[in-house]
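Residue numbers (the numbering used here), protein chains in the order written: chain A, 7 to 591; chain B, 9 to 166.
Please keep in mind that the hints were generated in silico from the structure rather than gathered at the bench. Relax, there's no trap hidden among the hints.
Residues from chain B shown here face chain A by an in silico Cβ test under 10 Å; the list is partial:
# : residue
1 : GLU20
2 : VAL65
3 : ASP79
Subject to a maximum C-alpha distance of 25 Å in a straight line, what follows is the list of computed DSS-like cross-link-like pairs (lysine-lysine):
# : chain 1 : residue 1 : chain 2 : residue 2
4 : A       : LYS296    : B       : LYS66
5 : A       : LYS556    : B       : LYS66
6 : A       : LYS305    : B       : LYS66
A virtual CB, placed ideally from N, CA and C, is assigned to each residue, including glycine.
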Amino acid sequence: MPAKLKGAQILVECLQREGVDTAFGIPGGVNLPTFDALYQSKIKVILTVHEQGAAHMADGYARATGRVGVCLATSGPGATNLVTGIATAYMDSIPVVAITGQVRTSVIGNDAFQEVDTVGITRPITKHSYLVKDPRDMARVVREAFHIASTGRPGPVLIDVPVDATVSEAEFLYPEQIHIRGYRLQTAPELDMAQVMQAAEAIARSRKPVLYVGAGVIHAGAAAELAELAHRAHIPVTTSLLGLGSFPETDPLSLGMLGMHGFEYTNYAVAQCDLLIGIGARFDDRVTGKPDEFARHAKKIHIDVDPSSINKTVLVDYPVIGDVKQVLRALNAQAKPLDTADWLRTIREMRVKYPLMYREKQKLLPQYIIQQISEATHGNAIIATGVGQHQMWAAQFYQFNRPRSLITSGGLGTMGFGLPAAIGAQFGRPNDVVWDIDGDGSFQMTAQELATAAEHHLPVKVAIMNNQHHGMVRQWQDLFYEGRHAQSRLNPVDFVKLAQANGCVGIRVERKEDVHSAIEQAMHTTQQPTVIEFVVEEAENCWPMIAPGKPHDQMLGTHDVLEQDGGVPQHRRAEPDEESKLSLG
Amino acid sequence: MSEKHTISVLVENHFGVLARVSGLISARAFNIDSLSVSTTEDPTTSRMTIVVDADAVKLEQVKRQLGRLIDVIDVQELREGEYIDRELLLARVNANGATKAQLEQIAKQFGGRIAHATAESVVMEASGDTKTLDRLVEQLRQHQITKLVRTGRVALER
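The following block holds chain A by itself, in its conformation from the complex (with noise of 0.2 Å):
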């Protein structure tokens, strides 16, 4: 006869189970059994400073790590709290498993203390929700959250627990096999040959061939094979925002960031291609721009593990629905070396071209900070990042070598996340070196989780690029509002002292000549966080710039408008290879 077991035992032995070491979260009134599970459990618990900062960590883990990520909140106030968090990692198909209390089964739906229907109001931003009434579905419920919120395209799922089905008993069986029978062609849609092979066919026909990658290719752990379809066939890799680090952008292939803030040269290259081969990325409209002129000279191929990504927004000439990772396997069993010398010769001129570019200013600049962190860091690091200008110099200056390593709020735009991310990702990968590349008005959304890291001893580095306004806002003012800043410029914020009240070390740094000294003592800080204030220029903007709905070749702040403002080429560092003969000069 199986033990009887309490529901939040239960609940407690299925997260080690999974293999759960680490979750984030806050008690309160309604979650104390659990809290009280996990006290006499091994799991470590993180307690955070808000429940925001539990969800962005748990998503900051899972990010870093590739492992389901666990956030837990007590009803109401906490559960809503935490609502920003799991929509952020819904955007961005992140698998976080978020754990909320709720008020007894008994008295659900009379308006109790701190009762809100939480699988009524995150239904639209997780893949799926429980609301687990009796204990004796605890470790199905449990079992079957981890597995959906971490296979197919993985995503956050949700679990309710009324006060009552955690005290009360239940016999504890744990359920070897899952069976869920809406989601069995989800996990591994079965592979059409048919597909693939047309797929092959059209990429053996391109001679301007482009990859589209996004974070698919991450999830899927599929870097290693991507690099071998590049390699292989010579075909030029351009990412989004997410897929940066699933190509080394020391590559000589590799194209970096496209889309709305993206290379100038990479925008052309995706304008002028005949083929487009897409991977696990949704054709978002910061990539596309104008959808119906996106590569528009091009055949278009999307590579997806979900079917409703295909034809959202770009209707595609050769769908492939599946793992990213098998059909990338079953596309190079076909590759073969395609004539792409011209193609790669067109965009390596373009590249030497059409660099990024910036002027010195008075003040500090970002960009230069940011390459300064990435020559630091040998690309190394892991890059967290908030929202903002800051994140697309980040995307731009910052090059990213290795899956995992950039931790950004694509789909959401999250402002805030770079703090506690950071913290998730530094619990989850110790040995690393992790920045949280922020802005002044990002940073303080969730400034007060520096106190959680400060407890841990954790070695994570902020740097602030404090240009004392919301700056992508006061960007877009300036472009589109007339200069009118309103409510865009923040209000005055010592973050020395922020940082020091809070446990950390704290440096501002306003001469360029002191950025590199910073950035050397905040590496060498390993028990204590440490906060870098950089005061920098107020008034730059984030270049080049596709404009709202605009097509690829119609860029704003180009090369040779900020040649004539005195711009200065910014070429990006390249491993030699002799084989395709591209430099980055």
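We have chain A; now place chain B onto it with these hints.
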């Protein structure tokens, strides 16, 4: 171009599924014309017949997104001419001695019947496809309908 589509969705028979399905459709600003749901030959599943107003490309998207819901087992679009559809109508219509016979005649003509009658009114019951019932309603309007309910479409492929 927006037009009416009938989709048949096989789902798990437990609470919250209707909210997931209708929420997904309404979040895309599609109008649900009708939605009917009941258990199937397998008591652990339910079948929803949903009639929506949508253009074909967007509908394709919604079908795939419905398929992504964990509680959805199968999604099928029923195309014009390939399925049998019925709905049930109940209508309370003003009636007196003179008009009652006329109403009985209409009921007979549409294969329906008078389910209940008082001195002032009758409740007519009829089933049929949407167009047939629309015609019936037109005829009943001449007798003043005081309350009308329809189940919405259920459909089965031929």
